[in-house]
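Enquirer: Work out the full structure, taking the sequences as your base and the hints as a guide.
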Amino acid sequence: MPTRVLREITPLGEHDFMYVADRHKKEFDYPIHQHEIFELNFVMGGAGCRRVVGDSDEIIGDLDLVLITSPDLEHVWEQNGAQTEDIHEVTVQFNMDFDAPSSPFRTNPFRPIYLMLARAKRGLAFPSEAIMMVSHRLLNLSKIKEGFLAVQEFLSILYELSKFEGARELASSAFAKVEVDSDSKRILKVKNYIDDHYRDEIMLEQLAALVSMSPSAFSRYFKLHTGKSLSEYIIDVRLGHAARKLVDTTDSVSEICWTTGFNTLSNFNRLFRKRKGCTPKEFREKYQKTKLII
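FYI, my numbering numbers position 89 of the sequence shown as 89, with every residue one higher than the one before it.
None of these hints come from the bench; they were simulated from the model.
The reader is advised that the hints may include incorrect statements.
For lysine-lysine, the following DSSO-like pairs were computed, each having C-alpha atoms within a straight-line distance of at most 30 Å [stated by the list, open to error]:
no., residue 1, residue 2
1, LYS177, LYS281
2, LYS145, LYS26
3, LYS185, LYS163
4, LYS223, LYS26
5, LYS177, LYS26
6, LYS274, LYS223
7, LYS163, LYS143
8, LYS228, LYS163
9, LYS185, LYS143
10, LYS177, LYS228
11, LYS223, LYS163
12, LYS189, LYS281
Expert: Structure follows, in C-alpha cells:
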C-alpha cells in the first residue's frame with residue numbers, strides 16, 4: 001500500500017474566517033500534509049530549505065511565499081541541511097468558498113483575487129518583488145486584534161499579490177488533479193483531448209484537425225497561448241501523471257512508464273530527471289521519506 005499523507009486538522013472553527021500563526025523556529029519539522037482550508041505561507045530566513053508542493057521540489061531562497069487552495073495538494077517545507085538559527089514563518093489559513101456561484105469573489109471587483117485563487121490549486125509561488133512588497137504587512141498581521149480589520153488587511157494583501165504577473169504554478173495540473181483551463185476554446189479543447197489520451201500516441205496533425213487549423217498555424221497558436229511547444233506540453237502532462245502514480249501506487253517504474261505514454265524506459269528516465277531533477281525511483285523514495293504513516 002502507498003504511504004498516506006497526514007491530513008492536518010486546523011484550528012479554524014466553523015465560524016472563523018482565518019487563523020494567523022507567526023512563529024520563530026530553528027528548523028522545519030512538520031511532515032508532508034494536506035488540509036481542507038486554504039493557506040498562504042511566508043518564510044523569511046529559510047535559505048537552503050527544501051519546499052515540496054505536489055510534484056514540485058525546490059530549494060528556497062531567503063524569502064518564500066506560497067499560496068495553496070487545494071485540499072488534496074500535498075506540501076511541506078523541510079530543513080534539507082540548511083544552516084539557520086532563526087526561521088521566521090507566518091502562516092495564514094483561511095476559509096473561502098470562492099468557487100460558489102453566488103460567491104462575491106466572482107464579481108468584477110474581486111476578479112483578480114478569484115483568478116489567483118484558482119491558479120493556486122496547483123500551489124502558487126510569488127516572485128521576490130511581490131514578497132518584498134507585502135512582507136511587512138504579513139509580519140504585522142498577527143498584531144491586528146480586531147477581527148474585521150485583520151480580514152480587511154488580509155484581503156488587501158491578496159489583492160496586491162493578485163496584481164503581480166510573475167507568480168508561477170508549482171505542481172503540474174495532472175499531479176494536482178486540477179482541471180485544465182485556457183482563455184482559448186480551441187486550446188481548451190486540445191488540452192482536454194491530451195488529458196484524456198496522454199497514454200496514446202498523439203500526432204500534431206490530428207490535434208490541428210481537431211480545431212480546424214493547419215499544423216504549422218496550430219503549432220504557433222499553441223505556443224502563443226501556452227508558452228510551450230506541443231511536444232513540451234504533452235511531456236509535462238505525461239510526467240505529471242507519472243509522478244502521481246509514483247506517489248499513489250506501488251506500480252513499478254517500468255509499468256508507470258508504459259501506462260503514461262512513454263515508449264522507452266530510458267527516454268522516460270531521461271525526461272523525468274531533466275524536468276524533476278531526479279530519477280523516478282529517487283522521486284518516489286524522496287517523497288515517501290517526507291510522509292507520515294497514519
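Enquirer: State for each hint whether it applies.
Expert: Quick rundown of the hints versus the structure:
no., hint, verdict
1, LYS177 - LYS281, "holds (22 Å)"
2, LYS145 - LYS26, "holds (27 Å)"
3, LYS185 - LYS163, "holds (25 Å)"
4, LYS223 - LYS26, "violated (44 Å)"
5, LYS177 - LYS26, "violated (34 Å)"
6, LYS274 - LYS223, "holds (21 Å)"
7, LYS163 - LYS143, "holds (25 Å)"
8, LYS228 - LYS163, "holds (23 Å)"
9, LYS185 - LYS143, "violated (46 Å)"
10, LYS177 - LYS228, "holds (20 Å)"
11, LYS223 - LYS163, "holds (24 Å)"
12, LYS189 - LYS281, "violated (33 Å)"
In this structure, the earlier hints numbered 4, 5, 9 and 12 are contradicted, and the remaining ones agree with it.
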